[in-house]
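Colleague: Residue numbers (this note's numbering), protein chains in the order written: chain A, 17 to 450; chain B, 17 to 450; chain C, 17 to 450; chain D, 17 to 450.
In short, the hints are calculated from the structure, not lab data. Even glycine gets a Cβ: it sits at the ideal position worked out from N, Cα and C. Some hints here could point you the wrong way.
With a Cα cut of at most 25 angstroms, we get these calculated BS3-like pairs of lysine-lysine [unchecked claim]:
1) B:Lys-217 - D:Lys-159
2) A:Lys-159 - B:Lys-284
3) B:Lys-217 - A:Lys-64
4) B:Lys-342 - B:Lys-329
Taking CB as the label site, the calculated pair distances span [said to hold, decoys possible]:
5) A:Arg-218 - C:Lys-159: 17 to 27 angstroms
6) C:Lys-159 - D:Ser-361: 49 to 59 angstroms
7) B:Glu-376 - A:Arg-18: 50 to 60 angstroms
8) C:Val-371 - D:Arg-218: 56 to 66 angstroms
9) C:Lys-159 - D:Ala-325: 30 to 40 angstroms
10) D:Asp-80 - C:Lys-159: 38 to 48 angstroms
11) C:Gly-62 - D:Glu-101: 31 to 41 angstroms
12) A:Ser-383 - B:Asp-417: 40 to 50 angstroms
13) B:Asp-336 - A:Gly-27: 54 to 64 angstroms
14) A:Asn-235 - B:Gln-109: 27 to 37 angstroms
There are 4 protein chains.
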Amino acid sequence: MRTDIVHIGAGELTYEIRNIVNVGNKLEKLGLTTNWENIGDPIAKGEKIPSWMKEIVADAVMQDLTYGYCPTRGVLSTREFIAAETNKRGGAQITPDDILFFNGLGDAISKIFGFLKRTARVLVPTPSYTTHSSAEAAHAGDKPLTYILDPNHHWYPDLDDLEKSIKYNPAVAGILIINPDNPTGAVYPTHILESIVELAKRYNLFIVCDEVYHNIVYNGTSTSPLSDVIGDVPAIAMRGISKEMPWPGSRCGWIEVYNGDKDPMFAKYIQSILNAKMVEVCSTTLPQVVFPKVVQHPKYQGYLQERIARYEKFSNIAHDCLKDVKGVLVNRPNGAFYMSVCFESGALTHDQTLVIDNKEVRAMVESLVSPEGTSLDKRFVYYLLGATGVCVVPLTSFATDLQGFRVTLLERDEAVFREVFETIAIAIHQYLES
Amino acid sequence: MRTDIVHIGAGELTYEIRNIVNVGNKLEKLGLTTNWENIGDPIAKGEKIPSWMKEIVADAVMQDLTYGYCPTRGVLSTREFIAAETNKRGGAQITPDDILFFNGLGDAISKIFGFLKRTARVLVPTPSYTTHSSAEAAHAGDKPLTYILDPNHHWYPDLDDLEKSIKYNPAVAGILIINPDNPTGAVYPTHILESIVELAKRYNLFIVCDEVYHNIVYNGTSTSPLSDVIGDVPAIAMRGISKEMPWPGSRCGWIEVYNGDKDPMFAKYIQSILNAKMVEVCSTTLPQVVFPKVVQHPKYQGYLQERIARYEKFSNIAHDCLKDVKGVLVNRPNGAFYMSVCFESGALTHDQTLVIDNKEVRAMVESLVSPEGTSLDKRFVYYLLGATGVCVVPLTSFATDLQGFRVTLLERDEAVFREVFETIAIAIHQYLES
Amino acid sequence: MRTDIVHIGAGELTYEIRNIVNVGNKLEKLGLTTNWENIGDPIAKGEKIPSWMKEIVADAVMQDLTYGYCPTRGVLSTREFIAAETNKRGGAQITPDDILFFNGLGDAISKIFGFLKRTARVLVPTPSYTTHSSAEAAHAGDKPLTYILDPNHHWYPDLDDLEKSIKYNPAVAGILIINPDNPTGAVYPTHILESIVELAKRYNLFIVCDEVYHNIVYNGTSTSPLSDVIGDVPAIAMRGISKEMPWPGSRCGWIEVYNGDKDPMFAKYIQSILNAKMVEVCSTTLPQVVFPKVVQHPKYQGYLQERIARYEKFSNIAHDCLKDVKGVLVNRPNGAFYMSVCFESGALTHDQTLVIDNKEVRAMVESLVSPEGTSLDKRFVYYLLGATGVCVVPLTSFATDLQGFRVTLLERDEAVFREVFETIAIAIHQYLES
Amino acid sequence: MRTDIVHIGAGELTYEIRNIVNVGNKLEKLGLTTNWENIGDPIAKGEKIPSWMKEIVADAVMQDLTYGYCPTRGVLSTREFIAAETNKRGGAQITPDDILFFNGLGDAISKIFGFLKRTARVLVPTPSYTTHSSAEAAHAGDKPLTYILDPNHHWYPDLDDLEKSIKYNPAVAGILIINPDNPTGAVYPTHILESIVELAKRYNLFIVCDEVYHNIVYNGTSTSPLSDVIGDVPAIAMRGISKEMPWPGSRCGWIEVYNGDKDPMFAKYIQSILNAKMVEVCSTTLPQVVFPKVVQHPKYQGYLQERIARYEKFSNIAHDCLKDVKGVLVNRPNGAFYMSVCFESGALTHDQTLVIDNKEVRAMVESLVSPEGTSLDKRFVYYLLGATGVCVVPLTSFATDLQGFRVTLLERDEAVFREVFETIAIAIHQYLES
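Can you build the whole structure from these sequences, using the hints too?
Modeller: Laid out in structure tokens, this is it:
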């Protein structure tokens, strides 16, 4: 190339959740049997799509119109349905034109951060779901700017750290909230959301709130949708069908814009996101068409509750297995289907190992952790994978310096699930003692 | 907002093809009957999806796995199928890992330009399909850089203009080719493609080639896929299922990377595009699963040929209707399903009108064309719409200073099609004489 | 212009110290008699250059070589003299190659900030000498990033605010210290300098220290040159002859680089500043040639001490005049020749005035303060000028939200000086009571 | 450093004219006797400042006011004098406020390019005086954009290349002219200047014209100042006293702005340059004070004509010595005091040498030319220096791919001058034959 063509943010685009799959696949070829607890895809973990739901989709694809483009913002009747649902709650009121569909929240996130001015930053939590932190960092060509989720306090946001991160950095233009949270499984009490909104109002910021797991809350906890607490602060809420229906392969999510007309610069910004989508014509039509039919189906609520009950039960099994393990900090998830486990400071070293019988597997793991600069939790995760076949994701992949790992609650077989977590508990013990 | 959040390229994101729909919809409420010849969606124009095709899709959606995520690059078996098809042609040889699926070519285009370094530019044709020119311009925060398609020479690229645009502007890092072309319907002879590849090689550039209409060529013309002529120049070819199957609402397209390993900076750039997709997890699964089944179905070729034969026939009807109209320059389309008509220089004025009987419609059209700076062809297009209900797109929306309009060949009813073009012919005459 | 040519930082380049001169000049034409207490030029305020000093210069200009270029870094013998002086102190040790001459510190400041990467920021004090804050802000195309000088604590740096401004903003790469300070006249105790150096070390930053007033310290205070406390932290000290000799019209100052080889990126940065000067060939030769002769002349120390004694005496007169005035916060200057007076929060309103007898002058002042957004202290300063002829500079011109004004101690006539400050005291009282 | 602080344009700041001095100094320590023909400093080459001129300066420095700051734009009476001189010519008319003094043209150049928006470019000639090309390139963080000076056509600008460089690169906002030219000694006929102005007008660009050598034209040639031909095109002319008086060590030059009010964006740009200077307070006072006295002195014209006559004579000696040497292209200088000699394409190889008797000198030269990528003309220049002591500057240092060297006409001793050029002639012959 005669000129430099590599984007300033290229180095920030990393996604260990998927990178580790390549490693796991190679180890499988060497004879390893793997439990994939790394990726949040219920389907891949055996979740069955109910027949009534598949029939709704099959009916839809027999109609020619589901093959055509839809309006840029999305199918109008679906947006009308969603706006009515939001407005029913009594908080922020929206029209169908305040809704914009995307090809999954990844697409929404990519545009929301990608069409921010390069110098304007959005604070993301640490740890942070990588899609958010990578996209925000890539847009700026710099490391993500973060506020602390505190593992000693239920992984709730540290509001003092959040305020200072705003006050002392004028580049900060917005705050990202993920609630219920990925990767921690935390569910934020309403008063915390109110405090964050108050900070946004005081410092004249906008809020982005990822609510893709909003309907997956359990263990008796409760929270509020952003629309309930947002008042007159400009904001974007993100929703989707990937995790709930679940239809992750549909790449279908949407944003709801609150107070889009309260600030002229925010209005321009939202318009640029709409225009960016218009230039791509529209998002995928089929899932938008079927979504209202699915969630209004008489069997939908029962189906969803059965899954939530299972996550609740499994969150307690996981917590019970790990809570007394020495050297780690464990919080029980109360929402979504992830759990993040932290090693205590200083617990990990560069010498710890697990016994791996298969020579080739051992050699490969040793080679993978040998490069200087390999993070300590990545070292643990690779040994865990090589020794037990359990595949989790290093916590340092989630824009944090905390050492640990994220594991999903998606395994459907209770016995297998319990065994996986018991295996992890033993492995942690052995690794730290090694 | 306490800081400026509006992206440097926000002003470049325009897409008149869809903007005009809002105008048309408003006029319909005032009683106008509209012929939508503005948008390249065969479904919207009444194309029927054959039953056998819909059944393939319906079968697929009864399988749980089509609901899950797929690999970031796309479904492996589908990529294997595509790679084999490309390799069979005997030109550039690729592996499944040289293929990357996107949520439609709009998504691919957005990432290919969005993850270029801001200062590196890709020359786009003028006129240019807006998705390309807008995305390229937005990434740079500046107007698009263009090379001329010559309406006096079959809308072929002006190679002298192209070379000078490269030689005298060191910011140029790549060349975009659209072949068959949207919005002109031109099909480039192989020697023109070879000349462009030669320029890229000489100046050390990469090529992006949009081939979404590659299988829709007629009137006895022929061309080559990029893979046939690319040699060892780094390049990206774009393909999709929107226009051919047609399933535009699926948002499913892919890129094929040629010579991805021949230049280290190009390799890094391609990796950043892959990483950007990985951060969004993957593209939509269902259409990837069904694509090989559809195109290998025994009825597929016949179905496609029937459509192509229709476009050929209609291209000639359109050409016959307009070729002798004074004041315009007309080239018969030989591929895709668009035709671009140019007014002769000086033919349009700010005073020309068409008679619009409906008072409200007339008032609205007059109001729409009244702002200073309204382009002359936009004025014509709005009068045409108001007076006849025929909705086309001003040519100046396609990154060109040429005055004219783009019209589609998608209307399926021959009588209606002929009437639309006769109406346009008369309207041009009346408008220029007014 | 066919393209936008206005620099991103153009709006940050403001310098009220000189802007107000235009206003004063216009008012003088309307009959006003002015006392210029706005600009730090001892010559303009009547300071006499001693004959022996002028003779040194006159001898020099009779030698042809003083007319030629000098080496890019500056005249070697002068740099040797300066390096020896610095090294004698026993702190950081330098060679002549660690010294780089500029056309005044304004030139040095312009290059030091102008050749920082656009995204790297240097924290400046608030209030701040405008040349620093404007140049830093212009380089970034954004408002200056500041740390607080506390008017309730001798205008010393607020170290807690400084640390948070570093910790929570990763864009911060350096810290600017002005000691003795302009515009406050503060002289920092050594322990404060040590604390700032410690912060720079902890967070891996560099320090820039403007020491142009280093030899003008009085009222029994003492401080340290940066070289005494810098340890191994990369740093730049700034010195000059404008204020001390005084020869501001010579445009002659220099930087001393400490630990230029301790950090490879700092080394590259310093090299780029040297290269930027080399591209301009060199700085002005004559003052470099005469400088060592002047400061080593037997009469120099006595001459300087006489001036310092005067600043000391006048600092106390000024302080006595203003310290008991209600509504303002006053700190006695202990170095340089400036004093900054702060209005108490809420003391100023948009309705206060002073009586101005001359109608035309009154009309002009009223017109000058009428635009919406005129800062409250600018309003006071313009009324003070119109009513009394005393010209000072609004404190808000110095990158601060504090309302007040800066006044110089340069008037040589004690009676006039006392009258000026008594006039100011009365005017403050009348204005606040109006 | 915790963040990257190195400026995007740091790599563009190179100035071989001074770099080679370091090499020469080292070789002198090894016993080499050097003729410095590399730098355009008449004083260093023995030019005598006439007594009457030195006395004007000595008188000035006995007045206190020459030690003070002057107005930001410069000493008013001097600007009035200059404006009157310009206006007398009858072309563009200016006021004293259209003049802005700098600390030498290096300072002016640094601000003129440094306060352009990063994406706006000024075309510079190739070859180009390095201060211009480096400063322009550094501001953009990219290589300079150039138009050709044609060595086969008196080093005149290639107007066709210039127009294409404008037409095909929308980033171009201005054109730099150096007339009389450094490094070629060319003097442009008026019609060429008119053609360039016409291009600027047609494409809506501004012009920067370096006229520092305007009064040093000989060999019967003539040209026009920019003010004569500029019409209503926005422009900046650069003048100075370094070369003419000559007082390069004064760092004193100025710009004259023509049509500063004809384009609002140009007006803003000029204002930002003024503001940038205001932030540095002002430029050096003394040379501004003496300038009108010197150039109006009865002996000044005679003094200048004597020097010009010498440059004329020496330009012919130089030309005669080199014009018949095989393998080089030589144009006789007609202005300024530089000559650029080009090697014919292909004449230089990586193996050519000159005999160097001094072993240490030879070893050092061999080591200096050994790094891969050393340009062929740099190799020649280093061998010439090592073998003969004649120090010239490689032509490739002047933003050109042409191989050659620049040599000054400043040596005052005719016998020495002739010997230097005869030495060069022989060395070229021997080198090419070696």
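Colleague: Evaluate each hint against the coordinates.
Modeller: Hint by hint, here is what the structure shows:
1. Restraint check for Lys-217 (chain B) and Lys-159 (chain D): the C-alpha separation of about 21 angstroms stays at or below 25 angstroms, so the hint holds.
2. Annotation: proposed proximity of Lys-159 (chain A) to Lys-284 (chain B) holds, straight-line Cα distance about 19 angstroms (limit 25 angstroms).
3. The hinted pair formed by Lys-217 (chain B) and Lys-64 (chain A) fails the criterion: a straight-line CA distance of about 52 angstroms is larger than 25 angstroms.
4. As the CA atoms of Lys-342 (chain B) and Lys-329 (chain B) are separated by approximately 23 angstroms, the hinted pair is consistent with the 25 angstroms bound.
5. Checking the proposed 17 to 27 angstroms range against Arg-218 (chain A) and Lys-159 (chain C) shows it holds: the Cβ atoms sit about 19 angstroms from each other.
6. Checked against the given bound of 49 to 59 angstroms, the beta carbons of Lys-159 (chain C) and Ser-361 (chain D), roughly 53 angstroms apart, stay inside it.
7. For the pair Glu-376 (chain B) and Arg-18 (chain A), the beta carbons lie near 57 angstroms from each other, so the given range of 50 to 60 angstroms is met.
8. Checked against the hint of 56 to 66 angstroms, the C-beta distance between Val-371 (chain C) and Arg-218 (chain D) comes to roughly 59 angstroms, which is consistent with it.
9. In this structure the supplied range 30 to 40 angstroms is violated for Lys-159 (chain C) paired with Ala-325 (chain D), their Cβ-Cβ distance being about 57 angstroms.
10. A hinted range of 38 to 48 angstroms for the beta carbons of Asp-80 (chain D) and Lys-159 (chain C) is consistent with their spacing of about 39 angstroms.
11. Take Gly-62 (chain C) and Glu-101 (chain D): their Cβ atoms lie about 33 angstroms apart, and the range 31 to 41 angstroms holds.
12. Here the CB-CB span from Ser-383 (chain A) to Asp-417 (chain B) is close to 59 angstroms, at odds with the stated 40 to 50 angstroms.
13. Between Asp-336 (chain B) and Gly-27 (chain A) the Cβ separation comes to about 57 angstroms, which falls inside the hinted range of 54 to 64 angstroms.
14. In this structure, Asn-235 (chain A) and Gln-109 (chain B) break the distance hint of 27 to 37 angstroms, their C-beta atoms being roughly 55 angstroms apart.
When held up to the earlier numbered hints, the structure conflicts with 3, 9, 12, 14 and fits the remainder.
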